[in-house]
Amino acid sequence: MGWGAPKQAWKKGPWIHEEDELLTEYVKFHGEGRWSSVSTSTGLNRSGKSCRLRWVNYLRPGLKRGHITPEEEGIIADLHALWGNKWSTIARYLPGRTDNEIKNYWRTHFKKERSSLKQQKRQAQMLNIEQQQPRQTDKEETAAAVKGGGSTEHEDQCMAVMPEEAASLLDEYLMNEGLWWNQQQQQVNHPYYQHAGNCSNSNIAMQTQPAAYYSYGGEGGYIF
DNA sequence: AACAAGACCAACCGCCACCAC
DNA sequence: AGTGGTGGCGGTTGGTCTTGT
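Going by this note's numbering, 28 is the number at position 28 of the first sequence; the sequence numbering is gapless.
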């Protein structure tokens, strides 16, 4: 598929400083996009796909480097509970962070917690069976899962009724309004939230607010 | 000091959607 | 309507760094 001449033996592996400079210069003059012509314009022996990735994940101005903050971690956890593995969507609400970064972070931090939670749940269920007691109620299960950053059937149901259009609507609305958010602003009158309000799980309904609700860097934040 | 295991991160791959022709 | 090019996304891999023993 695409991305320049497919038969060409593109260079792979880590980028060197000179390559970064060539790519940066190219983007400076031509803007983002037209990645397949980077190699012909710059002499860079990299596929367009590789160039795009390097730019988006590493060279693009405004990228934040360094550790994910606790605030960002909270946002990631909540948005993941809401959208699942929609890394690029989640990344939109974390200025300066890339989808790749968030994805990596999730895998190394939350996956662990999640698997241990599953293990705990399994143990609890075994205990229930052993003690011939009724199963944990859905409510308790949900609360435990949300607390632990895991997912439940309830969440899956909620995610099912909160498709991409909802997120797009939110994006469009916020962009049109040019909204800046601070800690005083706690609610937004938007169909997205009304939709979320129908969700049977109050925890999840609460979690439909984060994009607009969260402050960023401790003193207000912005979208995009 | 040496080694192993785990954590972290950059980069690649395959797939899909969109668009122009 | 079909096809190919392009852009983008999510999953995975592999190398490097850090930490514990």
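Derived by calculation from the structure, the hints in this document are not laboratory data. Some hints here could point you the wrong way.
Said to hold, decoys possible - Straight-line distance between alpha carbons at most 27 Å, and here's what the computed DSSO-like set of lysine-lysine pairs gives: (1) Lys-103 <-> Lys-12; (2) Lys-64 <-> Lys-103; (3) Lys-64 <-> Lys-49; (4) Lys-12 <-> Lys-49; (5) Lys-49 <-> Lys-11; (6) Lys-12 <-> Lys-64; (7) Lys-49 <-> Lys-86; (8) Lys-11 <-> Lys-28; (9) Lys-12 <-> Lys-28; (10) Lys-64 <-> Lys-86; (11) Lys-28 <-> Lys-49; (12) Lys-49 <-> Lys-103; (13) Lys-103 <-> Lys-86; (14) Lys-64 <-> Lys-28; (15) Lys-103 <-> Lys-11.
Stated by the list, open to error - Just the calculated beta-carbon pair ranges, DEER-fashion: (16) Gly-66 <-> Ser-37: 31 to 41 Å; (17) Ser-41 <-> Thr-69: 33 to 43 Å; (18) Arg-34 <-> Pro-95: 40 to 50 Å; (19) Thr-69 <-> Lys-11: 31 to 41 Å; (20) Lys-12 <-> Thr-40: 16 to 26 Å; (21) Asn-85 <-> Lys-49: 27 to 37 Å; (22) Ala-9 <-> Gly-74: 25 to 35 Å; (23) Ser-36 <-> Asn-100: 17 to 27 Å; (24) Gly-84 <-> Ala-9: 33 to 43 Å; (25) Lys-86 <-> Glu-18: 31 to 41 Å.
For every residue, glycine included, the Cβ atom is placed at its ideal position computed from N, Cα and C.
A quick look at each hint next to the structure:
1. Our distance criterion of 27 Å between C-alpha atoms is met by Lys-103 and Lys-12, whose separation comes to about 22 Å.
2. Among the hinted pairs, Lys-64 with Lys-103 is consistent with the structure: their alpha-carbon atoms are about 15 Å apart, no more than 27 Å.
3. Distance check on the hinted pair: Lys-64 and Lys-49 sit about 22 Å apart at the alpha-carbon level, within 27 Å; holds.
4. Between Lys-12 and Lys-49, the direct Cα distance comes to roughly 11 Å. Compliance with the 27 Å bound is thereby established for this hinted pair.
5. Taking the CA atoms of Lys-49 and Lys-11, the gap is near 12 Å; set against the 27 Å cutoff, the hint holds.
6. A hinted pair counts as satisfied when its Cα atoms are at most 27 Å apart, and Lys-12 with Lys-64 qualifies at roughly 25 Å.
7. Using a Cα cut-off of 27 Å, the hinted pair Lys-49 and Lys-86 holds, with the two alpha carbons roughly 20 Å apart.
8. A threshold of 27 Å between alpha carbons decides the hint, and for Lys-11 with Lys-28 the separation of about 22 Å falls inside it, so the pair holds.
9. Our distance criterion of 27 Å between C-alpha atoms is met by Lys-12 and Lys-28, whose separation comes to about 23 Å.
10. Simply put, Lys-64 and Lys-86 have alpha-carbon atoms about 20 Å apart, close enough for the 27 Å limit, and the pair holds.
11. Between Lys-28 and Lys-49 the CA atoms are separated by roughly 18 Å; this keeps the pair inside 27 Å, and the hint holds.
12. Under the criterion of a C-alpha separation no larger than 27 Å, the hint pairing Lys-49 with Lys-103 is consistent with the structure, at around 19 Å.
13. At roughly 9 Å between alpha-carbon atoms, Lys-103 and Lys-86 fall within 27 Å of each other, so this suggested pair holds.
14. Distance hint between Lys-64 and Lys-28 is fulfilled; the C-alpha atoms sit about 20 Å from each other, no more than 27 Å.
15. With a CA separation close to 25 Å, the supplied pair Lys-103 and Lys-11 stays within the 27 Å bound.
16. Between Gly-66 and Ser-37 the beta carbons are some 33 Å apart, a value that agrees with the proposed interval 31 to 41 Å.
17. Remark: the range hint 33 to 43 Å for Ser-41 to Thr-69 is upheld by a beta-carbon distance near 38 Å.
18. Between Arg-34 and Pro-95 the Cβ separation comes to about 25 Å, which falls outside the hinted range of 40 to 50 Å.
19. Between Thr-69 and Lys-11 the CB atoms are about 35 Å apart, so this pair conforms to the stated range of 31 to 41 Å.
20. Remark: the range hint 16 to 26 Å for Lys-12 to Thr-40 is upheld by a beta-carbon distance near 19 Å.
21. A hinted range of 27 to 37 Å for the beta carbons of Asn-85 and Lys-49 is inconsistent with their spacing of about 21 Å.
22. Between Ala-9 and Gly-74 the beta carbon distance is about 45 Å. The supplied range of 25 to 35 Å is therefore violated.
23. Taking the beta carbon of each, Ser-36 and Asn-100 are about 21 Å apart, inside 17 to 27 Å as hinted.
24. Taken as a hint, the range 33 to 43 Å holds for the pair Gly-84 and Ala-9, whose Cβ atoms sit roughly 37 Å apart.
25. Restraint check, Lys-86 to Glu-18: a C-beta distance of roughly 35 Å satisfies the suggested window 31 to 41 Å.
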